[in-house]
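Asks: With chain A fixed as given, assemble chain B onto it according to the hints.
Chain order of the listed sequences is A and B. Sequential numbering from 1 applies to the first sequence in the working numbering. Sequential numbering from 1 applies to the second sequence in the working numbering.
Because the hints were derived from the structure by calculation, they are not lab data. Check before you lean on any hint, since a few could be wrong.
The list that follows gives simulated cross-link-like pairs (lysine-lysine, PhoX-like), each with its CA atoms no further than 25 angstroms apart [as the list claims (entries may be wrong)]:
| hint | chain 1 | residue 1 | chain 2 | residue 2 |
| --- | --- | --- | --- | --- |
| 1 | A | 175 | A | 210 |
| 2 | A | 244 | A | 273 |
| 3 | A | 393 | B | 263 |
| 4 | B | 58 | B | 212 |
| 5 | B | 489 | B | 555 |
| 6 | B | 541 | B | 487 |
| 7 | A | 395 | B | 263 |
| 8 | A | 395 | B | 228 |
| 9 | A | 53 | A | 81 |
| 10 | B | 258 | B | 170 |
| 11 | B | 121 | B | 51 |
| 12 | B | 489 | B | 541 |
| 13 | A | 210 | B | 228 |
| 14 | B | 228 | A | 273 |
| 15 | B | 121 | B | 170 |
| 16 | A | 210 | A | 244 |
| 17 | A | 210 | B | 58 |
| 18 | B | 170 | B | 180 |
| 19 | B | 263 | A | 360 |
| 20 | A | 122 | A | 148 |
| 21 | B | 228 | A | 244 |
| 22 | B | 555 | B | 487 |
| 23 | A | 393 | A | 360 |
| 24 | A | 393 | B | 258 |
| 25 | B | 228 | A | 175 |
| 26 | B | 58 | A | 244 |
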Amino acid sequence: MRPALFFIILAASAAQTRTASTPSWRVEVDALKAKGDAAGALARLEHVEQNSKPSAALEDEIGFLLAVLNQRAGALERFRKAIAIDPKFASAHYHLGVALWLEGNREAALPALERAAHLGPKVFDYRYRYGAALMDLGRAADAVTECKIATSLQAGSAAAWNQLGLALQRQGDRKAAAAAYAKAVEIEPTNTDFRNNYGLMLLESGAPVKAIEQFEALLARDPGNLGALGNIGLTYLNQGNLTKAIEQFEKVLQLDPTSAIVQYNLGLAYKQKDDLANAKLHLRRATELDPRIAEAHFTLGVVHWQDGEFADVIREMRAAIDVNSNYAEAYYLLGTALKQSGRPAEAIAALTEAIRLNPKTPGPFTLLGQILRAKGDADGSRQAFAEAARIKKQKESEQKTMFDRAAMETVGPAAGMRMDRKP
Amino acid sequence: MNGSRRGFVRSLCRSALVFSFDQIARVLPAKDSPLGVQFINVAREAGLNKKTIFGGEKRNRYLLETTGCGVAFFDFDDDGWLDIFLVNGTRFETAFDAASTPTNRLFKNNRDGTFTDVTVKAGLVRTGWGQGCCIGDYNNDGHDDLFVTYWGDCALYRNNSDGTFTDVGKRAGVTTGGGKLPRWNTGCAFVDYDRDGLLDLFVANYIDFDVKTVPTPEGGTCLYKGLKVACGPPGLDGGKNILFHNNGDGTFTDVSAKAGILKTSGTYGLGVLAADFDDDGWPDIYVANDSTSSALYKNNHDGTFTEMAIEAGVAYGADGKSQAGMGVSAADYDGDGRLDIVKTNFAGDTSSLYHNLGNNTFDDTTFQAGLGRNTRFLGWGAAFLDFDNDGWPDILLCNGHVYPEIGDTGTEAGYRQRKVLYRNLGNGAFRDVSLDAGPGILEPVPGRGLAIGDFDNDGDLDVAVNCVNAYPQLLRCDTSLNNRWLKVKCVGTKSNRTAIGTRVYCTTPDGRRRMDEVRSGGSYFSQSDLRLHFGLGQSEKASLEIRWPSGLVEKMEGVAANQILRVVEGSLSTATLR
Numbered sequence: 001m002r003p004a005l006f007f008i009i010l011a012a013s014a015a016q017t018r019t020a021s022t023p024s025w026r027v028e029v030d031a032l033k034a035k036g037d038a039a040g041a042l043a044r045l046e047h048v049e050q051n052s053k054p055s056a057a058l059e060d061e062i063g064f065l066l067a068v069l070n071q072r073a074g075a076l077e078r079f080r081k082a083i084a085i086d087p088k089f090a091s092a093h094y095h096l097g098v099a100l101w102l103e104g105n106r107e108a109a110l111p112a113l114e115r116a117a118h119l120g121p122k123v124f125d126y127r128y129r130y131g132a133a134l135m136d137l138g139r140a141a142d143a144v145t146e147c148k149i150a151t152s153l154q155a156g157s158a159a160a161w162n163q164l165g166l167a168l169q170r171q172g173d174r175k176a177a178a179a180a181y182a183k184a185v186e187i188e189p190t191n192t193d194f195r196n197n198y199g200l201m202l203l204e205s206g207a208p209v210k211a212i213e214q215f216e217a218l219l220a221r222d223p224g225n226l227g228a229l230g231n232i233g234l235t236y237l238n239q240g241n242l243t244k245a246i247e248q249f250e251k252v253l254q255l256d257p258t259s260a261i262v263q264y265n266l267g268l269a270y271k272q273k274d275d276l277a278n279a280k281l282h283l284r285r286a287t288e289l290d291p292r293i294a295e296a297h298f299t300l301g302v303v304h305w306q307d308g309e310f311a312d313v314i315r316e317m318r319a320a321i322d323v324n325s326n327y328a329e330a331y332y333l334l335g336t337a338l339k340q341s342g343r344p345a346e347a348i349a350a351l352t353e354a355i356r357l358n359p360k361t362p363g364p365f366t367l368l369g370q371i372l373r374a375k376g377d378a379d380g381s382r383q384a385f386a387e388a389a390r391i392k393k394q395k396e397s398e399q400k401t402m403f404d405r406a407a408m409e410t411v412g413p414a415a416g417m418r419m420d421r422k423p
Numbered sequence: 001m002n003g004s005r006r007g008f009v010r011s012l013c014r015s016a017l018v019f020s021f022d023q024i025a026r027v028l029p030a031k032d033s034p035l036g037v038q039f040i041n042v043a044r045e046a047g048l049n050k051k052t053i054f055g056g057e058k059r060n061r062y063l064l065e066t067t068g069c070g071v072a073f074f075d076f077d078d079d080g081w082l083d084i085f086l087v088n089g090t091r092f093e094t095a096f097d098a099a100s101t102p103t104n105r106l107f108k109n110n111r112d113g114t115f116t117d118v119t120v121k122a123g124l125v126r127t128g129w130g131q132g133c134c135i136g137d138y139n140n141d142g143h144d145d146l147f148v149t150y151w152g153d154c155a156l157y158r159n160n161s162d163g164t165f166t167d168v169g170k171r172a173g174v175t176t177g178g179g180k181l182p183r184w185n186t187g188c189a190f191v192d193y194d195r196d197g198l199l200d201l202f203v204a205n206y207i208d209f210d211v212k213t214v215p216t217p218e219g220g221t222c223l224y225k226g227l228k229v230a231c232g233p234p235g236l237d238g239g240k241n242i243l244f245h246n247n248g249d250g251t252f253t254d255v256s257a258k259a260g261i262l263k264t265s266g267t268y269g270l271g272v273l274a275a276d277f278d279d280d281g282w283p284d285i286y287v288a289n290d291s292t293s294s295a296l297y298k299n300n301h302d303g304t305f306t307e308m309a310i311e312a313g314v315a316y317g318a319d320g321k322s323q324a325g326m327g328v329s330a331a332d333y334d335g336d337g338r339l340d341i342v343k344t345n346f347a348g349d350t351s352s353l354y355h356n357l358g359n360n361t362f363d364d365t366t367f368q369a370g371l372g373r374n375t376r377f378l379g380w381g382a383a384f385l386d387f388d389n390d391g392w393p394d395i396l397l398c399n400g401h402v403y404p405e406i407g408d409t410g411t412e413a414g415y416r417q418r419k420v421l422y423r424n425l426g427n428g429a430f431r432d433v434s435l436d437a438g439p440g441i442l443e444p445v446p447g448r449g450l451a452i453g454d455f456d457n458d459g460d461l462d463v464a465v466n467c468v469n470a471y472p473q474l475l476r477c478d479t480s481l482n483n484r485w486l487k488v489k490c491v492g493t494k495s496n497r498t499a500i501g502t503r504v505y506c507t508t509p510d511g512r513r514r515m516d517e518v519r520s521g522g523s524y525f526s527q528s529d530l531r532l533h534f535g536l537g538q539s540e541k542a543s544l545e546i547r548w549p550s551g552l553v554e555k556m557e558g559v560a561a562n563q564i565l566r567v568v569e570g571s572l573s574t575a576t577l578r
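Bound conformation, chain A alone:
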């Protein structure tokens, strides 16, 4: 547990209003807290506890101080004790949820945060933290609901608007996400993360000029902001304006030649420009700087593939799979290159794995069918082709609602990598 962070998160709800009838121990404890003497405050409260009736509020506050002092087990025990005393004591549920969350026990934390939000529906922190937890667990629709409530409870919270933007973005509602990010930026214009999120959302929404405006606003305050510089390059790259993208990425690399993401994006820009030599150079550099970026290995492999260098493709696909063993596309291209290298048995194994990981792509079935046909396995070949045809038909049926030609599968990845991307 991280005491400082925990203290910040809990601080708002821990503060209480004092009156003339406030007992003296309360005054003393508050004074010790104000001085930052958590141990002293804890000792005083434990003394009070010995002479008091069981109190959920007291247990919760002791738990809080134990948490601040990094006594995790004790803190959790106190929060649970508080809930046992008063199951409707929202604060204890909230503290328990946050403590469990920070410990990494997210599945256990969520019900506690949910309970707190239920018991304290008008408390901003409860709704906001519950929304954030839902978001982290991939429940974007529920997160949107909670974040909307949080923003209604505290419209001036830029963090809540940003959180709402993230949830809406995850749901695919680009327009609403952009509006939420815009609000966060309006409230807190100096926050780099919020403005970067807003810019990237504008980029995804097909408003590249406005996106660049956001990144440039960031640069006006912080000319060396690598994230903003890189995202401007990313905007040009996604627009297909490759010359400007390359210029921008080169500029970033002059400031920080060790950025694997920028090397990757630069390599991708050169790839799209069909400058395969430079693409290889920068993609190779990206893999050297951060071997954990599976996409860099994959894209480097694609460039070798374009050049007909199948041994290099096989090496890079295997490197990508070493990083991400669930990388279906890498198994797929590995199988393709193995087939093209005249290694059908290995190709079949790779394609079979690609199909296992992603059975909804017709391509691996088609290749498998071709290999089996060449081997004389007519039945196996027919089955593979039939499955490919079935998936293709299903995909075409789904396409009835999707008119995007750019969504077609083509050679290699189409989009660059965000500067805030984590391997």
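Replies: Structure of chain B alone, referenced to chain A:
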């Protein structure tokens, strides 16, 4: 020295609008080119001076406005010189006056490097959403007829042999009309699929397109690189290809269902190529489909076809993924006696090269052959052509982006794009020689249809290109190479008169055997010269083996190089029957 001169010329081309590419090209003789060959755009001085109109110039609301149209090299007046037919389109929401109304154009070859517009005299004036064209003597009267596809009723122009044509499409039953929606007919080819000596007709179809219901860019449904663009074809219903059987009395019957053509799903068909891919003596039909698997209709010899592109390995890219196929061409690029296929695709993808292994099996050799290195171009017209007459078929691809909206964004290779010329190295691989092939190749244009033919009969292959909302190109091949050539004009007697489907083997004394077939249609919506052209390298003579669709096989020995040979079926003494 040459390099710096070329660099200087290119820099002029980029910056100085006062010079056109063809004007600048005058300063660069072919002998200075490392290839020994330069392609020069001579369209303007040749008299091809009418713009092709096709949809909006800056933005398009419908996919129909983007696909452009084809071009044909054919000798309509049988004078031995190739004439040029250019399909034209139209625009939505534009009222043209009588003088500016777009129409298809027929340009007669004046045999001096220039052409005369004879459209009106020939009776070929028509305005509409013209698409493709193909040539064939459907009534075996000795004069090649012209079929033009449309979004709407197609036209079958019967050649009256007096310099005029009559549209007999309706009487012949090939307009394709009569449904609820106008059909979007695209690529076409005359093909004698049942070998009865009468040319039948295959017409690809793209989309069941309803201008009233198709989503428009304003709705924001369809984005490309963040730009709102015309929607489709994904998400729209595919059209159904049509096969017409020639009844021999001037009429045709739609046999699509009976022949098994409809047994494929909607296929977004564009480029069509009819050829004998499995060497069984019967023509098969390949269709380049957009955004889905392409189709290969194998001829079953009984009036039916079996679609087997997936099994044959010509449906997808090398990795088994769908591609946006546009144009298609065939040739025996490696001299193994089988017809291979090249196909153009969308931007972000490579073109496809399918090597024919025999037995209805192809191997995608795009990457091994060196065609994987270009992905930024959006390809349309495609042709195998032996531009340097060395005996190895090279590849020319015509490009141009589909969305004019990207014109000002600097996206990829832009809206106007240069062509790509691959030289066949004779070892199964190709080298991109575009940068050395002259200004006609490098000039960026919104190219679509592309046809190959030797319009000046000088023994090298020239190129005609139809562009959208731009002037057409006529790329004259100027060569300083001394390679020899042989051109063979086949005339059927028992077989169809145009001799479509005739296969000719051409063997030089060094033992190298070339092969090609007379074919209708091909490339993207276009018709190339029906005369077969063989580059002979330094050989002074060659032997010919001619396999007619009727089954007759004839041979000629010691044929001298550098001539245009007219061969009439059954007129040779060494004839044998297969």
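Asks: Give me the numbers of the hints this structure contradicts, sorted from smallest to largest.
Replies: none
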